[in-house]
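Undergrad: For reference, the chains in residue letters:
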Amino acid sequence: MLHFKNRIDMKRAYKIAALIFLICTVSVSCTKDLNFGDYNKLPQAKFWQTKDDAMAALVACYGDLSGWSFVDPSTLGPEQMASDNTAKGSTVGSQSDLLAFQDFSFTPSLSRFNNLWISRYSLINKCNQVLKYVPGMNIDQTDKNEILGEARFIRAWEYFELVRLFGPVVVYDGIPANGAYDIPKSSVADVYKFILSDLDFGWKNMRKQPWGPQWKGRVTAWAARALEAKVLMYMASGPNFMQDGKAIDGKTWNDVEQVTNDVIQNGPYHLMTARGDSSFFYLFRLQYENCDESIFEVQNGSSTTVSAVNRSPYVLNTWIKAGRDGGFGYSVPSDNLVAAWKKRYQDQHDLRYKYSVIFKGDTLVDGLVVDGASSLEGITGTPRYNYKVYIPKNEQTNIKGGGWIHMVEQNERLYRYSDLLLIDAEAKFRLGDKAGAAVSINKVRVRAGEPPLAPSDLTLQKIWDERRFELAFENDRYFDLIRTGQAKTVLGPRGWTFPKNVFYPIPQNQIDLSNGKLTQNPNW
Amino acid sequence: MPIVVTQSPAKKISDVNKWNVTGTVIDSGTKEPLPGVDIVVKGTTVGTATDQSGHYSLSVPARDDTLLFTYIGYEKMVVPINGRSTIDVKMSIHNVSGQQLVVIGYGTQKKIDLTSSIASISGSKIQNVTVPNALSALQGRLSGVQITNNGTPGSQPSIRIRGTGSIYNSNPLYVVDGMIVDNIDYLSPDDIQSVSVLKDASASAIYGVRAANGVILITTKKGTRNGKMRVTVNAYDGYQTPSHLLKMVNSPQYITLYNERLNYTGMSNQDLNPANFTTNTDWFNQVLTGSFTNNEDISIEGGTQKSSFNIGVNHLLSNGLIKNNNYEKLGLRVNYDFDISQHVKAGMNLVAALSKSNPAPNNLLLYSYRAIPFLSPKNPDGTFSDPSSINGFTPPDGTSKNPDAMLYYNHQWNNKLEGMANFYVEINFLKNFDLKSTLGLNPTFAKSINFTPQYTVSANQENSLNTLSKGTSDNLNTSWDNILTYTNSINNKHNFTVMAGYTYRVQTTDYLSGSARGLVDLPVINQSYLFLTLGKTPDYSVDASDGGSKKVQIGFMGRVNYNYMHRYLLNVTMRADGSSNFPKNNRWGYFPSVGVGWVISDENFMQNIPLISLLKIRAGWGSLGNDNIPPNLYQLTTSNANPVIFGPDQNTGNGPVSPAVTITKSFNPNLKWEVVNETNIGLDFGFFSNRLTGSLDWYHKMTNDAIFATTALGSSGLNTSGVWGNYANILNQGVEATIGWKNVVGNLQYNVSVNGTFNSNKVTKINSAGASYYDQGDGNDNITPLTRTKVGSPVGEFFGYKAIGVFQNQQQIDNTPHLQNTVPGDLIFADVNGDGKIDASDRTAIGNPNPPFIYGFNLGFSYKAIDFNVLCQGVYGNKIVNENRILMFTTRNYDENFYKNRWHGQGTSNTYPSVLITAGDPRTPNSFYVEDGSYFRIKSIQLGYTVPQRIVSKLNLGRLRFYANAENPLTSFKYNGFSPEVASNNPLMSGINKGVYPLSSIYSLGINVTF
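Chains as they are written, first to last, in the numbering used here: chain G, 3 to 526; chain X, 4 to 1014.
What the hints contain is simulated information worked out from the structure, not anything from laboratory work. Computed from a predicted model, the values in this text were never measured in an experiment. Take these hints with a grain of salt, some might be off.
[Unchecked claim] Among the chain X residues that face chain G by a calculated CB cut under 7 Å, a handful are:
#, residue
1, Asp-41
2, Thr-397
3, Pro-399
4, Gln-610
5, Ala-644
6, Gly-650
7, Gly-658
8, Val-660
9, Ser-661
10, Pro-662
11, Ala-663
12, Thr-667
13, Leu-721
14, Asn-783
15, Asn-824
[Stated by the list, open to error] Pair by pair, the computed Cβ-Cβ distance ranges are:
#, chain 1, residue 1, chain 2, residue 2, range
16, G, Asp-202, X, Asp-546, 41 to 47 Å
17, G, Arg-277, X, Met-270, 40 to 46 Å
18, X, Leu-1008, G, Ile-22, 53 to 59 Å
19, X, Thr-69, G, Ala-19, 50 to 56 Å
20, G, Leu-24, X, Trp-601, 55 to 61 Å
21, X, Gly-880, G, Pro-501, 45 to 51 Å
22, G, Arg-277, X, Ser-271, 45 to 51 Å
23, G, Leu-370, X, Ser-271, 29 to 35 Å
Ideal Cβ positions, reconstructed from N, Cα and C, are used throughout, including at glycine.
Go ahead and model the full structure; you've got the sequences and the hints to work with.
TA: What follows is the structure in structure tokens.
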């Protein structure tokens, strides 16, 4: 090997040695660089630390309720358009897949179901995060219980919606980790029991007194108690819609009445009657958001400093189908509802008609003349819209932006005391206490301008009808038709069948994804 | 290789200033004289050319000068005069498989010694094509490399080397002058000396990290030692027009279709009357335009005994087909090498470019597609017309926009300064050792500005306050490579190179963006005046956000190249890579490879077969890694959710905002490297004195544990962000062939080359968060799923109902499985599972977006001073989803092809449905929306004229050539869209056309000058 005989210049050898030394030392120090962590986001370890962290996780649950899929046609279709209260609306051909809710021709692959399913579980996951991490946090026990109770309430609210929509659904309690993505469905009874356990926790751990001004809008123990009443009513109504003809988990109307009595006698709720004959109108305006009648509502607002604050796409989706200041005009009052209500307005002076439905050409309280599309799909005659979502111009905050977003502050009312009164009326009626039932229903009727009913005139149908008009467009009617067994007669002619349509189909996407783990509801 | 120089006895002549050399130049194979061979005295402009009989005579300045013989299609020859007066030369046809050096990872190697599949192309071929970016110039030239152009000015095409191997990101790795970079936007085709594409694992394994999808090595132009100072100017000016315009329906046709729709849905009383809608706007004509484009490049190169340099400056102006959409770039290149001492070399390479562009309005082409023909751009009073109310007609699509107004109110600027620079020191010691240390920087500084003035066209197209968004991003890659090489040869038989190295790379990204609403009106809208804090109205508000990421990669590598007499070849590499993108327990990946080769033609028993000039077989196996995934996937992170205002100030605008934070993604603590194992067997051959050359490769490329985010079951609550993990195995298998023929017949030299690649792409395993396949769709427009990736099928295979005809009448509907509410004119869907009804379980595979066959064809010839080249390329057998149609057919607009072919009564069509398309949602993915994506294109035609040397010499120039070029003059395809090239960076959504930019034909005139 020739090169070994070469004489190496010592100076050059030093240079080489120095370079190699430099490379080696720097290399060693660089290798440590592999051990760095997250660069730009808050790592988990630093998140679940303070009460503010726990609150931020809880606020995410509240905030999710005005997510797009909660108020767009994914929800409006199955929960409103499928009922006899609203029709598709908007212009011919626009989102025509929604027509399937008019004639019940939808299939499991309708993407609306998937949106609905995904958005609800996404919110449930946010609740589950709170329930998983907050118990171990080192924060004040009262605060902790409060936060856990609220997360449980919102989770119960969502499972109550899911079980009414889809029947047996997946009960996901916990957060996905290490491949636990695919949990099978639970029976309807088990879902209901799960809901009751959440509400029971909420009732026992949340505050009973209303929140002060800073936190107005958060739920209290009484909300959990009130929701328990509604859940129990569905369970007790099992014979009307469950295929086995039995009450769910053996719940009875006595169970319902026990809770409604408690809420009415000891709870903080009152009907809003401060504006006389116009009370029902003002109930849905901004100044009466989170009033004493409110049990649960979506907290929408406006901010001049934060642009991403919660806004209501509900208004956009349902408001006048028109250009400026307009909405999409979906889920509009149906021919059937308008005819029945108009008659009721004439016969019984039901003012709610005037305060719930507006027609093209009407002049609104602030002088706005309703204009927009000349015809809407799914209805005949003059275009009309849900008035409950409107914010008069003089009440709209001058937030930045134009068009429909002027009206985004509207809180969607999810659960009102008048609903609870009607639950109470139905429970008492079924238990034979007609006088007690009349007391409750008449509170609602009188506020609406209707004459009170004598106990002897009271029928179950009248209580149900009262629910229809009192709670119109508040996502109650379709479920109520099924619960009461009226669906067969009211929706049957449009294509609704028993028992197939008692529950919507599990979204095909989810069945496909599950690799056999999720099974389709019967008859789909 | 037999380069033969016949020597005549030297004459002793004392007059060194006037030395005459004469001789004949013949073809080494045919022994025929070569006319028109350029002969230049090296380092001067003194030169001549051979005559018809191959003779030349040249008076040279000095008897120790060197002559350069160049002839198109032949190997260049460098012949020192050495005092001779007669020099006869035998020139050989340019030999692709000979001694030519090929750039490989961390080094170069003689092509004959390669054991792996490397395709390379010289810069001169790239520069023969008038395309604005270097990658487009490779299209059709290399087997196994699929390039899909994107027509947007300044954009880069998408590249797949040997099929789609990764699901998250299948882009190859780029290495410029030895430095790994993320993109090569800033390179001009004129900067490039050569491109090597490392296709198989045994070639790429030395790049371990991220080499899984192939490696593209680019060398920029370098100077030569002792080279004369030389200035080269290349320039062209061109005019571009859309190569295909899609014809949409005109107003009467639209009204016919609209009324048919009403008729079928029982609402014919609302028919539109054509008399009320007489306007007829061709919206594509309205927004598209022909435009000029030009490119200029000046390079200066030279060298002394101890240093060399090549510097250049280039300028490109590329105007888009959309009005006011353009891209302009100014680039610099500085390459400088020098000897510090006999054993120490140093140098630097720098390429940088400053670019600015005016992007087109977002989705302009989609909005033009959906704009109704009887909407006029403007009202008689000069204002923009409202697309949501036309002469009392409210179009069903409430979200349409006036494209002219979109253009008018669009003020966007993107500026970017990016490039790469590296500095190296190389020490040669102990004779055979070489240590090279290279420090590299690859920064990208980008700025975007978007100003939208206050305006109102319609409820869906308005902006209530002057709005300005600005964003800046700083990305920086820093790398440090140290390579020690030992080269030796024992008795000229055992030749080996051993290399060991260490490489370190840090990648940081950082962005800051802000937007302000409520700025005062501006007299002039110019990007230099646009600041977020500029004149505030009372409605003023401002928002800001920022973020960033960091990634560290460390690698150790070793390689042995050994050959015995250049006949038996062996190549072994090993690489260990650590990447911070993986959790600590899975951070290191080990990537070995081995390659062997046998040059059969070098064996004694082959020497008597004169027909065969080269025959070589190669085989290689290797393992490659891919860490090209978002950072921090293995760590649980939180992000902001919808905040809420509680309390009485909820609606005043001043309430306290409660922040909301949530965990939006599932982290995967078990994430590990995605690894590709690839086997390659190849054959290189040359026949008839290498006139016919070619190579054939077979490959089997298996991606294991491909990383992507999957949709978990909705009930887990992880719908939107997905769950990342190692979920799939993907097999790409294929054959690549390249064959070329070169010859000279008298004054005519010509060459033909053809390449083709068959690739089959198949998923062999998938297990994504419990699911047995992976769906992807267009979530923005609620069209899901469009593709389903499952075992046994290609990645991103289209999924939906299979349309097998059109219902002609009610009787047929009654007798055929159908969707509820089906009416005549609706598509018939196949009852795939045969259960007598049509439902979701009848959806099936309806097309493969990955082309099974791609090909290219090049023909070049030169006759005396004229040269001519045609390059053609195409893809065959892939499918495209015409999502434009899916979106339009709901309610919006129709193309003329649909109008002409649609069903409009019994017997009118059994392939095209009526305007209703199908019962249920017309957007339901089905095979009617799937179209043939095959195309054949004449990519470029170039005709050049090189001014003869003797004239050029008088002008004191070295070379002067004029050319005319047509780029994309012809593309033949059946697809109903602008272009069959539908690029996507998401392999799961490739071949889905949603507002793809039209492709252009460019006709240009150019000049190449050297002096």
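Undergrad: Each of the hints needs a verdict: does it hold here or not?
TA: Hint by hint, here is what the structure shows:
1. Asp-41: Nearest chain G Cβ about 42 Å off; hint violated.
2. Thr-397: holds, 6 Å
3. Pro-399: holds, 4 Å
4. Gln-610: violated, 32 Å
5. Ala-644: Hint holds; X:Ala-644 Cβ to chain G Cβ min 4 Å, cut 7 Å.
6. Gly-650: holds, 5 Å
7. Gly-658: holds, 6 Å
8. Val-660: holds, 5 Å
9. Ser-661: For X:Ser-661, the interface hint holds, since the closest Cβ of chain G sits about 5 Å away, which is under 7 Å.
10. Pro-662: This hint holds: X:Pro-662 lies near chain G, its Cβ roughly 5 Å from the closest one there, short of 7 Å.
11. Ala-663: holds, 4 Å
12. Thr-667: violated, 9 Å
13. Leu-721: holds, 6 Å
14. Asn-783: violated, 12 Å
15. Asn-824: holds, 6 Å
16. G:Asp-202 / X:Asp-546: 41 to 47 Å: For X:Asp-546 against G:Asp-202, whose Cβ atoms are near 43 Å apart, the range 41 to 47 Å holds.
17. G:Arg-277 / X:Met-270: 40 to 46 Å: holds, 42 Å
18. X:Leu-1008 / G:Ile-22: 53 to 59 Å: The hint (53 to 59 Å, Cβ to Cβ) holds, given that X:Leu-1008 and G:Ile-22 are roughly 55 Å apart.
19. X:Thr-69 / G:Ala-19: 50 to 56 Å: violated, 41 Å
20. G:Leu-24 / X:Trp-601: 55 to 61 Å: violated, 42 Å
21. X:Gly-880 / G:Pro-501: 45 to 51 Å: Holds, since X:Gly-880 and G:Pro-501 (Cβ atoms, about 49 Å apart) stay within the stated range.
22. G:Arg-277 / X:Ser-271: 45 to 51 Å: holds, 48 Å
23. G:Leu-370 / X:Ser-271: 29 to 35 Å: holds, 34 Å
This entry does not satisfy hints 1, 4, 12, 14, 19 and 20, going by the numbered hints stated previously.
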